[in-house]
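**Student:** Using the sequences and the accompanying hints, generate a full structural model.
Protein chains in written order, with UniProt numbering: chain H, 1 to 222; chain L, 1 to 185.
A portion of the hints provided could be inaccurate.
[Said to hold, decoys possible] Cut-off 30 Å, straight-line C-alpha distance, at most; resulting in silico cross-link-like pairs (DSS-like, lysine-lysine):
id, chain 1, residue 1, chain 2, residue 2
1, H, Lys115, H, Lys40
2, H, Lys81, L, Lys94
3, L, Lys40, H, Lys145
4, H, Lys137, L, Lys115
5, H, Lys145, H, Lys94
6, L, Lys152, H, Lys94
7, L, Lys157, L, Lys115
8, L, Lys77, H, Lys157
9, H, Lys94, L, Lys81
10, H, Lys121, H, Lys40
11, H, Lys145, L, Lys152
12, L, Lys115, H, Lys53
13, H, Lys115, H, Lys145
14, L, Lys137, H, Lys129
15, L, Lys157, L, Lys181
16, H, Lys207, H, Lys137
17, L, Lys181, H, Lys77
18, L, Lys4, H, Lys157
19, H, Lys77, H, Lys53
[What the hints assert, rightly or not] Calculated Cβ distances over 12 Å to all of chain H for the following chain L residues:
id, residue
20, Leu5
21, Phe126
22, Lys137
The set of hints was computed from the structure by calculation and includes no laboratory data. Positions of the beta carbon are idealized from the N, C-alpha and C atoms, including for glycine.
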Amino acid sequence: MTIRLIGYSALYPTLRVIICLKELGLPYELEPPASYQSLKDEDYIANKHPFGKIPVLFDGDFRITESRAICRYLTSKYQGKHNDTILIPNDVHKAGLVDQFISYELSYYDPPLSKLVYQEKFAKKFFNKDPDPEVIKQAREELAKVLDVYEKLLEGKEYLNGEYSLADLVLCPGTNYVYGAGHSDLWDSRPNVKNWWNRLCNRDTNKKSFEEIKSFWENLGK
Amino acid sequence: MTIKLIGYLYSGPTMRIIITLRELGLPYEFETPANFEVLKSEDFLTNKNPFGKIPVLFDGEFRIVESRSICRYLASKYQGKNNNMILIPNDIHKAGLVDQFVSYEIFYYDPPVLKLVSQEVYAKKFWDKNPDPEIVKQGREELIKVLDIYEKLLEGKEYLNGEFSLADIYHSPNTHHVYAKYSDL
Numbered sequence: 001m002t003i004r005l006i007g008y009s010a011l012y013p014t015l016r017v018i019i020c021l022k023e024l025g026l027p028y029e030l031e032p033p034a035s036y037q038s039l040k041d042e043d044y045i046a047n048k049h050p051f052g053k054i055p056v057l058f059d060g061d062f063r064i065t066e067s068r069a070i071c072r073y074l075t076s077k078y079q080g081k082h083n084d085t086i087l088i089p090n091d092v093h094k095a096g097l098v099d100q101f102i103s104y105e106l107s108y109y110d111p112p113l114s115k116l117v118y119q120e121k122f123a124k125k126f127f128n129k130d131p132d133p134e135v136i137k138q139a140r141e142e143l144a145k146v147l148d149v150y151e152k153l154l155e156g157k158e159y160l161n162g163e164y165s166l167a168d169l170v171l172c173p174g175t176n177y178v179y180g181a182g183h184s185d186l187w188d189s190r191p192n193v194k195n196w197w198n199r200l201c202n203r204d205t206n207k208k209s210f211e212e213i214k215s216f217w218e219n220l221g222k
Numbered sequence: 001m002t003i004k005l006i007g008y009l010y011s012g013p014t015m016r017i018i019i020t021l022r023e024l025g026l027p028y029e030f031e032t033p034a035n036f037e038v039l040k041s042e043d044f045l046t047n048k049n050p051f052g053k054i055p056v057l058f059d060g061e062f063r064i065v066e067s068r069s070i071c072r073y074l075a076s077k078y079q080g081k082n083n084n085m086i087l088i089p090n091d092i093h094k095a096g097l098v099d100q101f102v103s104y105e106i107f108y109y110d111p112p113v114l115k116l117v118s119q120e121v122y123a124k125k126f127w128d129k130n131p132d133p134e135i136v137k138q139g140r141e142e143l144i145k146v147l148d149i150y151e152k153l154l155e156g157k158e159y160l161n162g163e164f165s166l167a168d169i170y171h172s173p174n175t176h177h178v179y180a181k182y183s184d185l
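**Tutor:** What follows is the structure, encoded as structure tokens:
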């Protein structure tokens, strides 16, 4: 039974799921949609994602959408089956805290991060708009405040919940984009955050995934 | 070992947890912060929520924040212990779909509902401002598109995932706030 992932690896919610599949040692087929417009087709909305978004994952006949929900499902089902990687601890309290950190990511970390991803990576290349300095300034300020909190959260810890988990994974793809787009100072100016990000970059799955994405953007220019 | 919940009764996120505690048949103590400034105090940031928010839950010594994480933790730990209420199905696929519907609530349903809640419930009460008709109009238009999709998702189903689950609980408090005025939606 094959796992099929519909999405674009350049878009970081899709990349989130790809990293999760790799962490769990799961083979999969990636199917980029024919075009961005096709996400609004009646067929896509009826049979893939009712809100016209990617990624969408099929595990055999089972269909699931929303990247963090997909990651959690894959972890629940396959964690420990192909390798020893634990993304959600079995202990109910530790799992609760991983969930809490995922909620921090979607509530506080991702909103300013995604603005920077759009401004720095997609605005010019895909929408022919220049990056807006005011938006970038505000997003940097918001993200700086969040990273100040993360600096304290990471005191004496290698990862957000002590050991590597889904809480760290979910923010890797977006962070990779923004870090490499001229905003590395935000992470590097905070020692705990800097060390944590370096650790995450050194994980094999991230190294590989970030290299593949780099190639995508290099080839795009050609 | 007591469960202690810190929050405000009118807050949607706090209410999500209260509903979950009740559904699971769990007793709890409820504490309201003295005022909003307390949430930014050094003590609150260090010992309760580093982002200065409510709700915060203590289960004995264990502390957890973020309303949906709190609800999931409570369901994981206590589901089936005090009564038969199942909020997260045991089947992995069904649980995955509940999680998917929770994500729909976070990203598609709640943002426009919050626009309406902020204008209709909070503006006058906390900021002494009248509801901004432009924000209300935007909120309604966005929410209509989402509810059109929910109309299809609910075809032939009593609840989002067939049976009542956490996903339905999360939608309830803020919906309740705006339903009185916008039931037509």
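**Student:** For each hint, tell me whether it holds in the structure or not.
**Tutor:** Status of each hint after checking the structure:
1. For the hint linking Lys115(H) to Lys40(H), the alpha-carbon distance of about 23 Å falls within 30 Å, and the restraint holds.
2. For the hint pairing Lys81(H) with Lys94(L), the CA-to-CA distance comes to about 20 Å; that is within 30 Å, so the pair holds.
3. This hinted pair checks out: Lys40(L) and Lys145(H) have alpha carbons roughly 14 Å apart, not beyond 30 Å.
4. For a cut-off of 30 Å, the pair hint linking Lys137(H) to Lys115(L) stands: about 25 Å separates their Cα positions.
5. The hinted pair formed by Lys145(H) and Lys94(H) meets the criterion: a straight-line CA distance of about 26 Å does not exceed 30 Å.
6. Proposed proximity of Lys152(L) and Lys94(H) is contradicted: the alpha carbons are some 37 Å apart, above 30 Å.
7. Among the hinted pairs, Lys157(L) with Lys115(L) is consistent with the structure: their alpha-carbon atoms are about 28 Å apart, no more than 30 Å.
8. Restraint check: the Cα-Cα separation between Lys77(L) and Lys157(H) comes to about 25 Å, which is no more than 30 Å; the hinted pair holds.
9. As the CA atoms of Lys94(H) and Lys81(L) are separated by approximately 20 Å, the hinted pair is consistent with the 30 Å bound.
10. Under the criterion of a C-alpha separation no larger than 30 Å, the hint pairing Lys121(H) with Lys40(H) is consistent with the structure, at around 23 Å.
11. Under the criterion of a C-alpha separation no larger than 30 Å, the hint pairing Lys145(H) with Lys152(L) is inconsistent with the structure, at around 40 Å.
12. Annotation: proposed proximity of Lys115(L) to Lys53(H) holds, straight-line Cα distance about 23 Å (limit 30 Å).
13. Restraint check for Lys115(H) and Lys145(H): satisfied, since their Cα atoms lie roughly 15 Å apart, inside the 30 Å limit.
14. Taking the CA atoms of Lys137(L) and Lys129(H), the gap is near 28 Å; set against the 30 Å cutoff, the hint holds.
15. At roughly 26 Å between alpha-carbon atoms, Lys157(L) and Lys181(L) fall within 30 Å of each other, so this suggested pair holds.
16. For the proposed pair Lys207(H) and Lys137(H), the alpha carbon gap of about 29 Å is at most 30 Å, so the pair holds.
17. About 43 Å separates the Cα atoms of Lys181(L) and Lys77(H), which puts this hinted pair outside 30 Å; it is violated.
18. About 27 Å separates the Cα atoms of Lys4(L) and Lys157(H), which keeps this hinted pair within 30 Å; it holds.
19. A threshold of 30 Å between alpha carbons decides the hint, and for Lys77(H) with Lys53(H) the separation of about 24 Å falls inside it, so the pair holds.
20. The claim that Leu5(L) is not at the interface with chain H holds, since no C-beta of that chain comes within 12 Å of its own (minimum 15 Å).
21. For Phe126(L), the non-interface assignment is confirmed: its Cβ lies about 21 Å from the closest Cβ of chain H, beyond the 12 Å cut-off.
22. Every CB of chain H is more than 12 Å from the CB of Lys137(L) (nearest about 21 Å), matching its label as outside the interface.
Hints 6, 11 and 17, counting from the list given before, are not met by this structure.
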